[in-house]
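Read top to bottom, the protein sequences are chains X and R.
Be aware that the first sequence starts at 1, since it is given in this note's numbering, and climbs by one per residue.
Be aware that the second sequence starts at 1001, since it is given in this note's numbering, and climbs by one per residue.
None of these hints come from the bench; they were simulated from the model.
Mixed in with the good hints there might be a few duds.
Derived pair list, reagent style DMTMM-like, types lysine to aspartate or glutamate, alpha-carbon separation capped at 25 Å [as the list claims (entries may be wrong)]:
#1 X:K94 x X:E154
#2 X:K78 x R:E1397
#3 X:K94 x R:E1404
#4 R:K1567 x R:D1510
#5 R:K1270 x R:E1233
#6 R:K1330 x R:D1219
#7 X:K73 x R:D1402
#8 R:K1330 x X:E40
#9 X:K73 x R:E1325
#10 X:K78 x R:D1402
#11 X:K73 x R:E1397
#12 X:K94 x R:D1395
#13 R:K1330 x R:D1572
#14 X:K78 x R:D1425
#15 X:K73 x R:D1370
#16 X:K94 x R:E1292
#17 R:K1145 x R:D1118
#18 X:K78 x X:E64
#19 X:K73 x R:E1326
#20 R:K1330 x X:D87
#21 X:K73 x R:D1395
#22 X:K147 x R:D1402
#23 R:K1427 x R:E1311
#24 R:K1568 x R:D1501
#25 X:K94 x X:E53
#26 X:K147 x R:E1404
#27 R:K1330 x R:E1292
#28 X:K78 x R:E1404
#29 R:K1330 x R:D1434
#30 X:K149 x R:D1370
#31 X:K78 x R:D1370
#32 R:K1567 x R:D1442
#33 R:K1330 x X:E44
#34 X:K94 x R:D1402
#35 X:K73 x R:E1292
#36 X:K94 x R:E1397
#37 R:K1330 x X:E154
#38 X:K73 x R:E1404
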Amino acid sequence: MKTSTLLLSLFSALLVAACSSDPNQTSRVLQYLSGPEIPEVDPEFVSLVEAGEPTMILAVANRENAFSAFSRKTTNNKGEEIWISGDNLSLATKGGMIVGTRGFLGDALAIDASQSLAVLRAGSSGIVDRFVTVLNGEDHAETFAFKCKIERAEVWPIDFGDGISIQTRAYSESCRNRDTEFRNVYWASLANGEIVQSSQWIGPESGSVTIRILTR
Amino acid sequence: MVFQRSFRSCLVAVTLLASAPLTAQEQDRQLRFPTTIYGTPGYVDVPSAEMLPDGYLQLTTNFRDDAQFYAMTFQVSPRLMGSFRYSILDDFSRQQNGNIAQFDRSFDLKFGITEETDYFPSLAVGLQDFAGTGVFAAEYIVASKHLMDDRLLVTGGLGWGRLGTYNGFSNPLSLLSDHFSDRDMSTVGQVSDAGKVPIGEWFTGDAAVFAAASYQMTDRVRLTLEYSSDAYENEVIRTGFAHNTPFNAALSYGFDNGVELTAYSLHGSKVGFMASVPINPRRPSYVGGLEEAPPVIMPRQSAAALSWDEESVRTTESPLYAALEEQGIKLEGISVQGTTATVRISDSRYPAKSQSLGRTARVLANHLPDTVTTFRLESTAAGMPTSRMTLRRSDLEALEFDLEGTWLSFARADFEDAPRTEAADIKGTYPRFDWRVTPYLDPSLFDPDDPIRADVGIQGVVGFTPTRGVILSGAVRQPLIGNLDNSTRPATSVLPHVRTDAVAYAQQSDTQIKHLTAEYFFRPGTNLYGRVTAGYLETMYGGVSTEVLWKPVNGPLALGAEVNYAKKRDFDQLFGFQDYDVVTGHASAYYDFGGGYLGQVDVGRYLAGDIGATFSLDREFDNGFRVGAFFTLTDVPFDDFGEGSFDKGIRFSVPIDWLSGEPTLGGFGTTIRPVQRDGGARLEVRNRLYEVVRGTQTNELEDRWGRFWR
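Pulled out of the complex, with its shape left as it was, chain R reads as follows (with noise of 0.2 Å):
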């Protein structure tokens, strides 16, 4: 009663705050990128020297009435900066019956030499169009530097390739080599070159200046010069593009969110637009999340007020157990001795392994007796014990609001591997069962013939855990529509099929049976992990897949093996097999070079039986937003590998806490190649160890450990 009357009078209380005299100012708006048309920061045709934020993405499409880009920036490290860039020209692809539309995927590197000082421009290098057909390849030297309080930009710069097409003088470079002397134009845009790294041809042929000004009119206005040395002499034979002038003109508009819409011309004859967006993957959706607080630490109280038996707390009945179930943990064993409590906890709600440690040291202080003054909680992973974090109860309890608390409880615990529980089992944790109902969306993304194909459904899931590390799972898919099963791209792949048939496996099945698996995870010894599968591993292949990691809980490196039988399944994704068969595996090596980067690299024998290496690099931000890049080379010929020469491609992957705010394990994230071809390709099983095993080690933990106290 006394809350209900004044709750009412809170309503008064509120409205009389809101006239109370209140400021708070933050600089809380978004920076805003110029771009190219290109996707990439500058001003139309040409490039500028600036970068992006460390980090940063930046999304852009252009589109005019001959031709749409859409292109992803990634600002590698504050010098390095990638773009992968998916378009479609029209009338620009060379045929028998006439001209067709190109669908064309390119890549771009920029590499930042200095950055600009008061007196000094920054300077940059870059190539464009790099590996993909050439349809866009220049290179640059190029000079940025901002004046009259940072609202002009003015930039100068060399280019070669396309932008040593308008007015090119004899390349400067050839004093070193007549290598640098010329340079075919006329060979551009053939599919036959597409994804090969033409080094030869960089910086060669005619070179050519360049020259761009901008200037920011007001907060969100921008109007743009430039002089392109990009003569379009490709677009002016294929598709009779007319250029005019080599002058261009922008004028852009800008949004607090940092997104920018740009109207431009293009040397006389055409005009466009432009959006950009820029994503800052160190800031999710909900910085922090949205789920509810955790359990606040109360006064120690004695066994006997708590009621405290240690044999009835190693039931799923005790509070205890309720209390972490509540906070989405499982307690899976507990063992006290003397001062000392250990428990062995699975977690399969929070992304940030550090938050549900907090909130189980939390639960703990709250539900164990004031005896009890250290806490050891053993993460788990797929069963297996993980590491072991040792606390002591009143270090809890000092540092809960404490200015300096999150270091110092970091520093304060101690992590150690658990190769073996040390907590007596909770009887009735196991067996389990869940099961999931979702739809699925399974994306094909920029295939040469059509941007987007994809299949929407529904999918089964449903796990079976008859004991601690033993997993049985299967999952069912029903494609309701789409166009997957559209292409008419034929398999024209000299090595065995092992990939090229993805089309086949989209027609010839309708239910699909994506995984049906056995699994075993356990540890063979200190800092060792195993894992074996078997079944039907992934859409294309079943078999058996065996696995060991030598990984440190406090370690940066990791090294792996693993060997798999698979054989080719029917395309129907039902039970059948194909006559294909292989023993592939790898050796591998993971290190967390710190900061962000992860690099691996795997060294064994693909699909089709051929033998090589991958080699990966990852930025992964700490709150599990990724992007990463990987190429293979095996001993398969660049000509019978066929389009593309070699395997590559780009990866990332949101996390959906990232985007919902909501702890949530999971990710959104694909694959980008320029062309999927059966050279290189590895077979794809769930649960690699690394990944299973790493969310639960030091250096994870340590890199959210902000979420101990969330």
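Here chain X stands alone, though its shape is the one from the complex (with noise of 0.2 Å):
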């Protein structure tokens, strides 16, 4: 048994100096061993930015230090708003409820929130329905249908710092299946019913990530 950890132990050392034509594959076993790399951030993120398209932080939170920092890209002709951020994730909004996301584990494929973002617009509480459909680990897409219960909650002031505080209106969306069960909460300007910061779920692997617009 000895001599097998050996031959183990050396074949792991030797795949650190393994090298290759194609530099992709040459970093993903380095990154495979070293675990993930910070990426260099993209400079179509950056580039984005400088031209004062808007920006919002996201959270994951579930685990700890994960935020990225996104753009809007585009706003296609469904006024779907698609954000990257400079590690190469992409998220899709539409009135502030998350859409679809990209290279998030278990990405959203898409989400229908149109009852739940109805309820908000109106300002008022209201049973719904919610459906996500993500990708599984077969790779087959699979749709989650939820029943949500939202409820308005009380004015709350959101800090932007430097000084900038909004008043807000908060929701809170408690959704439920046979399986899972997550509450979304969000809070809407109140003087202009945008929704300015939320915690929405996105799917079984990555649980609920936070937003929250930082420039418009």
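Could you fit the two chains together into a complex? Lean on the hints.
Here it is as structure tokens:
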């Protein structure tokens, strides 16, 4: 058995020295052994920020220090805003509701939160349906349906730093189906109804993410 | 500057959000599955009627001071379970100069007859060690029922073979035939019996009753008590095992990830430990992968805005070429006629070809003028165009974040064969040169004398593709350390030594040429694929290999024919040859049964000149994880074949991206045979057409179509 342990150790040590005509291949081996590296900031993201496009920050709730800044890349003719991050993630929102993610684990290929958005826009409470299609471990699209209860909560001031604070109406949305339950929270500006901050569930792999609009 | 200021405040925001009232609960805890010391669902000695969830693998190890067991159990289908076990039994093997350890390989099968209902137990029938030396040979029929909110599992059963040795009684099946009355239990464990399938012995001899119960005391702790009908007769005689009581007990502790640790007492004389790890092949390490997001689909632009010019796009300097290259996809050809653009791509990055099609389509949408409304994407494999997908640009734009987008995008796309490319070549895509230097691990598992042998070293692989479909490549290995050459097992085969000289190949070589070949891949016609390979084909043989495959792009059936001339290489694995040569070849039929089951039959002439057929069945999960089994019957008599009687084995392969989450082709896998002999041995040619072609065809694309939008 000692020999096999030695062989495996040597094999692992040699993996570090592996190289290839495909630079991706070489760095992938190194990355796998050393853990994820901090990627270089996507220049496209930087140019969007410099061009004054809207920005937001996103944090993954169940992972420590997992947050990224996003800038809006485009708005399509369905009114979906698509945001990209400096570390090569992308996210689609509609009226502040996340409608899709790319590059997150077990991506939300699509989310239909139109009923929730309608309740929030009406400034009321209510029971709604929510649908989430995720990419599962077999590379299939799997759709989950949830029944959600939206409750209008208190007015909540959001501090944007540098002395800027805006008043928001908080809403909580409790969703469940047979296997899963989660809670989304939204803070909508009292001035124009825009969701400036929220926590939204994007699927069983990534759980909830919190997003906050930084600049518009 | 806006961003910098905002970024500082975002840290404040994250802190604030972290304290916001959020909850997310999921039932994400891995299930745990109690196993016997043999690695199958059950208690200590005796099995239960339980099955693993469909498709699960479970790895187990069990050790005590006189034995070690390592087992892999696979739930082949909801009702059928198979196990492979490697065991080391101290002092079990009888030799002239005293008893020595026996290294034993054995296989089990279990079939679920009925599932448990509110009032009735589940029922199963099983064969233990049905194709090995018979050391653990037993058959059983067993019933199990959960009680007390599933905390208590009670089981009763009737056993034969080993499980009929304690308090046994006359076999009730002898009412049917005298054949069932007797069984000779004294000859088990003889290596000469290895690999035989003694159907005539199943369910014969005395039968005995066994019973067991386990109680889940807490979420993590389970207590097990059993009455075993195994008297350990051979162990008592050969190793001095003391069978003091028929009762065994165990205490298990489970972890959230499904791992379970167990301590058990065996027949009042031994204490042992077990560990089990369930693996769900459907759930890779990183669901959906770690790669960067795909390109975002931008609003259409006019030709003028894009500075579009069809001529300049046919170079490797074009923005379109660069954008695809950034995705790891090579644009090999493009033609635009009216509103339709046809492109040909080659992809050596994504294991799921649906993903390269999805990314290519989005790059096209961002780089082709607004007047182009239809995209036709030709996939290639080894230079051959294999399939052509047609999709409407408007569908692509409409379905990007559609709840049904995955299904609709597949349903609205058309797939057809592409025997000839319809995209004009891009200048400068050939010739191509690639190389890599990597370590290698060449294991030889479960050798009858030593469980693990392996060589570790450095290998260099080079490939040169002067033009589409022609590949010159070679691989050279330099072993650095290892013990593959330590085997002292003599090659005693009475057949030509077509495979049993493996030790000589390890012992008499240093720097090794693993292959050095010229390959030509071509499309002779619709649904047809061709391959010619010449050179040093594999470790032991050089020669020429030719193959034709018929495989419709949308169908489950494929038929192939292969003819090879093979000459045995020198043991030094350099350029020389030995005298032995053979013309070998097969006619093959492949069928994709759906649900991940792939069947294959190869009929033809094998390396030793023997004629016969190989039957294979693999279960391939859509993410590429694969487990299979095969056997070969040829005109070589079982006695001439030697140990094992005929060639058979199990194989598995785990894709690299299943483990690492990074989109990388290839995988880790191995084939486990009870023993490698010379009968039924096939030439190992790289890049057989079926595996080369099928990834870009409709069945495989559909299986992983969720990746189209990833």
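Verification of the supplied hints:
Proximity of X:K94 to X:E154 is assessed by CA-CA distance (about 24 Å); at most 25 Å being required, the pair is judged to hold. With a C-alpha separation of about 10 Å, the suggested pair X:K78 and R:E1397 falls inside the 25 Å cut-off, and the hint holds. Restraint check for X:K94 and R:E1404: the C-alpha separation of about 17 Å stays at or below 25 Å, so the hint holds. Distance restraint check for R:K1567 and R:D1510: the Cα-Cα separation of roughly 21 Å lies within the 25 Å cut-off, and the hinted pair is therefore satisfied.
Taking the CA atoms of R:K1270 and R:E1233, the gap is about 15 Å. The hint holds against a cut of 25 Å. The suggested pairing of R:K1330 with R:D1219 is violated, with an alpha-carbon distance near 53 Å, which exceeds 25 Å. With a C-alpha separation of about 19 Å, the suggested pair X:K73 and R:D1402 falls inside the 25 Å cut-off, and the hint holds. Between the alpha carbons of R:K1330 and X:E40 the distance comes to roughly 24 Å, so the proposed pair stays at or under 25 Å and holds.
A hinted pair counts as satisfied when its Cα atoms are at most 25 Å apart, and X:K73 with R:E1325 qualifies at roughly 21 Å. Of the supplied pair hints, the one linking X:K78 and R:D1402 holds, its CA atoms being roughly 11 Å apart against a limit of 25 Å. Using a Cα cut-off of 25 Å, the hinted pair X:K73 and R:E1397 holds, with the two alpha carbons roughly 15 Å apart. For the hint pairing X:K94 with R:D1395, the CA-to-CA distance comes to about 19 Å; that is within 25 Å, so the pair holds.
Distance hint between R:K1330 and R:D1572 is unfulfilled; the C-alpha atoms sit about 39 Å from each other, more than 25 Å. This hinted pair does not check out: X:K78 and R:D1425 have alpha carbons roughly 37 Å apart, beyond 25 Å. Only pairs whose Cα atoms come within 25 Å are accepted, and X:K73 paired with R:D1370 is accepted, the gap being roughly 19 Å. Proximity of X:K94 to R:E1292 is assessed by CA-CA distance (about 22 Å); at most 25 Å being required, the pair is judged to hold.
Annotation: proposed proximity of R:K1145 to R:D1118 holds, straight-line Cα distance about 9 Å (limit 25 Å). At roughly 34 Å between alpha-carbon atoms, X:K78 and X:E64 are farther apart than 25 Å, so this suggested pair is violated. Taken as a hint, the X:K73 and R:E1326 pair is honoured in the structure, with Cα atoms around 18 Å apart against an allowance of 25 Å. Annotation: proposed proximity of R:K1330 to X:D87 holds, straight-line Cα distance about 24 Å (limit 25 Å).
Taking the CA atoms of X:K73 and R:D1395, the gap is near 21 Å; set against the 25 Å cutoff, the hint holds. Using a Cα cut-off of 25 Å, the hinted pair X:K147 and R:D1402 holds, with the two alpha carbons roughly 19 Å apart. Proposed proximity of R:K1427 and R:E1311 is supported: the alpha carbons are some 11 Å apart, at most 25 Å. Between R:K1568 and R:D1501 the alpha-carbon distance is near 11 Å, which keeps this suggested pair within the 25 Å criterion.
With a C-alpha separation of about 16 Å, the suggested pair X:K94 and X:E53 falls inside the 25 Å cut-off, and the hint holds. Simply put, X:K147 and R:E1404 have alpha-carbon atoms about 19 Å apart, close enough for the 25 Å limit, and the pair holds. Restraint check for R:K1330 and R:E1292: the C-alpha separation of about 18 Å stays at or below 25 Å, so the hint holds. Using a Cα cut-off of 25 Å, the hinted pair X:K78 and R:E1404 holds, with the two alpha carbons roughly 16 Å apart.
Between R:K1330 and R:D1434, the direct Cα distance comes to roughly 14 Å. Compliance with the 25 Å bound is thereby established for this hinted pair. As the CA atoms of X:K149 and R:D1370 are separated by approximately 43 Å, the hinted pair breaks the 25 Å bound. Straight-line distance between C-alpha atoms of X:K78 and R:D1370 comes to about 18 Å, which keeps the hinted pair within the 25 Å bound. Straight-line distance between C-alpha atoms of R:K1567 and R:D1442 comes to about 23 Å, which keeps the hinted pair within the 25 Å bound.
About 22 Å separates the Cα atoms of R:K1330 and X:E44, which keeps this hinted pair within 25 Å; it holds. For the suggested pair X:K94 and R:D1402, the alpha carbons sit about 12 Å apart, so the restraint of at most 25 Å is met. At most 25 Å may separate the alpha-carbon atoms for a hinted pair to count; X:K73 and R:E1292 meet this at roughly 16 Å. Simply put, X:K94 and R:E1397 have alpha-carbon atoms about 16 Å apart, close enough for the 25 Å limit, and the pair holds.
Our distance criterion of 25 Å between C-alpha atoms is broken by R:K1330 and X:E154, whose separation comes to about 55 Å. This hinted pair checks out: X:K73 and R:E1404 have alpha carbons roughly 24 Å apart, not beyond 25 Å.
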